[in-house]
Amino acid sequence: MPAPIRLRELIRTIRTARTQAEEREMIQKECAAIRSSFREEDNTYRCRNVAKLLYMHMLGYPAHFGQLECLKLIASQKFTDKRIGYLGAMLLLDERQDVHLLMTNCIKNDLNHSTQYVQGLSLCTLGCMGSSEMCRDLAGEVEKLLKTSNSYLRKKAALCAVHVIRKVPELMEMFLPATKNLLSEKNHGVLHTSVVLLTEMCERSPDMLSHFRKLVPQLVRILKNLIMSGYSPEHDVSGISDPFLQVRILRLLRILGKGDDDSSEAMNDILAQVATNTETSKNVGNAILYETVLTIMDIKSESGLRVLAINILGRFLLNNDKNIRYVALTSLLKTVQTDHNAVQRHRSTIVDCLKDLDVSIKRRAMELSFALVNGNNIRGMMKELLYFLDSCDPDFKADCASGIFLAAEKYAPSKRWHIDTVMRVLTTAGSYVRDDSVPNLIQLITNSVEMHAYTVQRLYKALLDDISQQPLVQVASWCIGEYGDLLVSGQCEEEEPIQVSEDEVLDVLEGLLVSNLSTPVTRAYSLTAIMKLSTRFSSVNRIKKVVSIYGSSIDVELQQRAVEYNALFKKYDHMRPALLERMPIMEKTATNGPTDIAQTNGETDSTILDTKHLPSITQPASQANDLLDLLGGNDVVPVIQTTVPTKPASAGGELLDLLGDLSLTGIPPMTAYNKNGLKIEFTFERSNPSPNIAVITIHATNSTEADMTEFVFQAAVPKTFQLQLLSPSSNVVPALNQGSVTQVIRVLNPQKQQLRMRIKLTYTHKGSPVQDLAEVNNFPPQSWQ
Amino acid sequence: MTMHFLLLFSRQGKLRLQKWFLPLPERERKKIVKDMTTMVLSRKPRTCNFLHWKDLKIVYKRYASLYFCCALENQDNELLALEILHRYVELLDKYFGNVCELDIIFNFEKAYFILDEFLMGGEIQETSKQSIAKSVEASDMLQEVRH
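Order-wise, the sequence lines are chains A and B. The end of the first sequence is residue 785 by UniProt numbering, with every number in the run present. The end of the second sequence is residue 147 by UniProt numbering, with every number in the run present.
Don't read these hints as lab results, they were simulated from the structure. Incorrect hints may appear among the rest.
In silico EDC-like pairs for lysine to aspartate or glutamate, Cα to Cα no more than 20 Å straight-line [what the hints assert, rightly or not]:
#: 1; chain 1: B; residue 1: K44; chain 2: A; residue 2: D321
#: 2; chain 1: B; residue 1: K44; chain 2: A; residue 2: E25
#: 3; chain 1: B; residue 1: K129; chain 2: A; residue 2: D236
#: 4; chain 1: B; residue 1: K14; chain 2: A; residue 2: E25
#: 5; chain 1: B; residue 1: K19; chain 2: B; residue 2: E73
#: 6; chain 1: B; residue 1: K134; chain 2: A; residue 2: D236
#: 7; chain 1: A; residue 1: K461; chain 2: A; residue 2: D503
#: 8; chain 1: B; residue 1: K19; chain 2: A; residue 2: E95
#: 9; chain 1: B; residue 1: K30; chain 2: A; residue 2: E95
#: 10; chain 1: A; residue 1: K258; chain 2: A; residue 2: E302
#: 11; chain 1: B; residue 1: K14; chain 2: A; residue 2: D98
Kindly produce the complete structure, drawing on both the sequences and the hints.
Written out as structure tokens, the structure reads:
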């Protein structure tokens, strides 16, 4: 049997292969030769064969049949064999194979070998891929080596101990004694690995953490020596002495100083020193500064130091090196919550990073920009963000659009601005917005009553330009259906009204129905819009025709709608106006994303909801505003009264129907107010479709001898709630408990906070007006939980 | 600096070295290698050396025809990782004398031996270049035969 070819010979041969098939053939041939060599138990060439096998393994070919051979190599006496054997074990074996346990004994022997390089090999292998069983068996040996004076072995033992602890955390205790004087070492390798070991122990156990806090002064001293020491050729990197060790110490200090005043104070000076003295011309200095900044931000540092840290990050942002800019943005993102004002100072630099060419930097800058938006800078920031949305990659558009919607919702300075912004997003990135943006926008538009004419006009113009972006088209058709009358009557206040006829509007909507660009959902929207216009436009015949055509549409959804609308024309024409009338103001549900109302993004004034959009019911609205003034305004929300007492079958009526059977849900009624003969009781019901809404019915009774006339009940709730007051049964509370006035209150409580309410009562009693305010705090827990 | 893995591959995506500091099945290792090579090789020039992949930070640097690519945990220092990669290149350079890709191809086992003196379990074990060079040299002397 000729000697197997040498490793480098094989490599050379394989590299001459011109095709994949040729390579595969060579490899198969060689594998066959190696297999038979293994079978023959050839000791001399085993090493060579395994080495070749490892090469082929790296090319992607299977090599599992070499696993046992690695074990044999490890057991050999020859160093060459061991070296390849251990390498093979690390590459081919892992804890998933049962075979690996056979290594344990060999490793144990080699850990006690007379040659330190053999000991090193076994420590390395154990420290890289030792399984939990192996670690349990060999932990004792590792612990012994941790106490040796041989620094070559000591540093390897330390990292091996780290691996053991990671695999079997319960064994951490046994390494504690050996750590006693690890930091007194002069050898940097041992120092470094010791710091790693200490870090691992502190991260895993709070007891260890408190135990090792006493090392802070020693660590500070070592760090100081590194900075102050002169040039040391052995550890120098671009003029900095052992940056790897410095960073590792800084990281351990971070863990030790976190949440502990004394430790934090002890390291204050050294952190300031590192922060100011480190050379920043090369990456290595910046790496240290970066770690320093992270440490300063995490421990209880004094404010001067924190400002220093953020300024370092600010300088990083201006660095030419992209990596450093990226790292700065990432760190600022972490600190923006805790040190918001300091980060705000760098806002313009951050916004400039939106224009960077690097994708990772752009993403970070975008996230940070959203975190920095507040009521003061919303206009400027939004300009930049919209510009960014225009020009950014498609991967960003969805996140950017969502972010813009959230920011606009929180900080919009005016309704018109809000609508303009949302429209701008829909026209530039319409196909990337989330699905729920359509209903959200519709809700926004509905609730901005004075902007209806303006909105529908702008949307109509947008449709004329482009009907490919479905969310925009859907919102536009909905609006035209709702407010088409405002459109043709040219009533716009905000901008120059356009002249458009009913036919032109219907042309556009019909165009949507037939266009290839419209999705089925969009078609449904436009058909319904056309139908709604039958009560707003005069060209009813045209609409009837369109609707009847779609009665035989292939699209089942459209067909159903058309058939029902047809029936509406033919048999239920008297109901048509009522069914198709204007939508009432919709309640905001809790699905508007994770809006954290408590966070004010650095503003000092709390924002008050815009009260101008209350419907034009004069008296109750102004009274609601009075209530707001009386209560000092800042933490309550005015009542949104949707109906006037005289209006019949309306939104209020439908809601009352929903509430139909006032079956008791077991929440006991309570007395909210009882003074001067007027008693107000609250009874509760949970609204089934939306459990966040509590439905309260007030019952006002009058035990005095005279009636209480012109009785008006008003209520206000804290900012996190929303309240809706429906029409009262009457405004006279009859005397001597002969009857009661009832009124339904619906409270939306998405955050399930404790329900509180302020009520204001006005009535006329015996000729004189009476007014009273009260707080209601005794709500039973079941009503809001 | 808990590194999860370190990979070296050429501009054509050929793997030259793979060091895994976590136990992963063969299938998954292959997939990761494929993902890394695709991601890194498609990066435009003059972009930063950091990427996000799953919950890890990927740091890569190109040296001549070889890409050095490693994966870090979220709290690790990326800038220092660049220094670690650079240190490894320096070690290889010192050992092979003006190292090039061919050296690593034909002497891959040596590349591993050097790496094993520098890193262990994803952490740095020695920060002195001379110390590492001496250890590797001494180990080489112990070798009885060439393969």
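Results for each hint:
1. B:K44 x A:D321: Holds, at about 16 Å.
2. B:K44 x A:E25: 36 Å, violated
3. B:K129 x A:D236: Satisfied, since the Cα-Cα distance of roughly 10 Å is no more than 20 Å.
4. B:K14 x A:E25: Holds, because 19 Å separates the two Cα atoms, which is no more than 20 Å.
5. B:K19 x B:E73: 16 Å, holds
6. B:K134 x A:D236: 17 Å, holds
7. A:K461 x A:D503: 15 Å, holds
8. B:K19 x A:E95: 16 Å, holds
9. B:K30 x A:E95: Judged against 20 Å, a Cα distance of about 18 Å means the pair holds.
10. A:K258 x A:E302: 13 Å, holds
11. B:K14 x A:D98: 31 Å, violated
Hint compliance for this structure: hints 2, 11 are not met, and every other hint is.
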